[in-house]
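In case it helps, numbering that gives the first Met the number 0 puts the sequence shown at residues 0 to 144.
Quick caveat, the hints were computed from the structure, so don't treat them as lab data.
Incorrect hints may appear among the rest.
To be verified - With a straight-line Cα cutoff of 25 Å, these simulated DSS-like cross-link-like pairs (lysine-lysine) come out:
# : residue 1 : residue 2
1 : Lys-95    : Lys-110
2 : Lys-130   : Lys-110
3 : Lys-52    : Lys-80
4 : Lys-127   : Lys-95
5 : Lys-99    : Lys-48
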Amino acid sequence: MKKQTLNTIAKRFFLGNILAAALFLSAQAKANTFLPENNTYVDSTIANKLDLKYLGNSAEGLEFDVKYNNVSGKYFSFVIKDENGEVLFEQSYNSKQFYKKVQLPSVADVKSLTFSIVSDKNKLVQSKEVKITTNTVEDVFVRIN
Numbered sequence: 000m001k002k003q004t005l006n007t008i009a010k011r012f013f014l015g016n017i018l019a020a021a022l023f024l025s026a027q028a029k030a031n032t033f034l035p036e037n038n039t040y041v042d043s044t045i046a047n048k049l050d051l052k053y054l055g056n057s058a059e060g061l062e063f064d065v066k067y068n069n070v071s072g073k074y075f076s077f078v079i080k081d082e083n084g085e086v087l088f089e090q091s092y093n094s095k096q097f098y099k100k101v102q103l104p105s106v107a108d109v110k111s112l113t114f115s116i117v118s119d120k121n122k123l124v125q126s127k128e129v130k131i132t133t134n135t136v137e138d139v140f141v142r143i144n
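Let the sequences and hints guide you as you build the complete structure.
Quick look at the structure:
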């Protein structure tokens, strides 16, 4: 009786460890997307990813780096809008590796900007919103003679 219970416990322990290892290893595998037009697999964690980086504020205005990995190579529109939905910039591209350095003039009224990638059929692919806060620092020097 004791031997049978130990065998059952050992089997369950062994099978439980194998199941846990299989789940762990399958979760670590990268998800891939198959592109039938050129018979290749693409890592879906980087496919069609909009990457936006704020470079800073210069004399000309706000500066951003925009990157988009367009694995299909189909046409898309790059659109920048303010918080009211007014289009500040719109251009169509079809490059697979899109990179653009954007300079927008500093406007005190603008509180947020939305950077969007829109497919050729006007379906939103990705969008990122940037909140803008402006702090004014005034230096006053008093010289007494």
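Practice item. Sort out which numbered hints this structure fails and list those numbers smallest first. Key: Violated hint (a single one): 1; every other hint is consistent with the structure.
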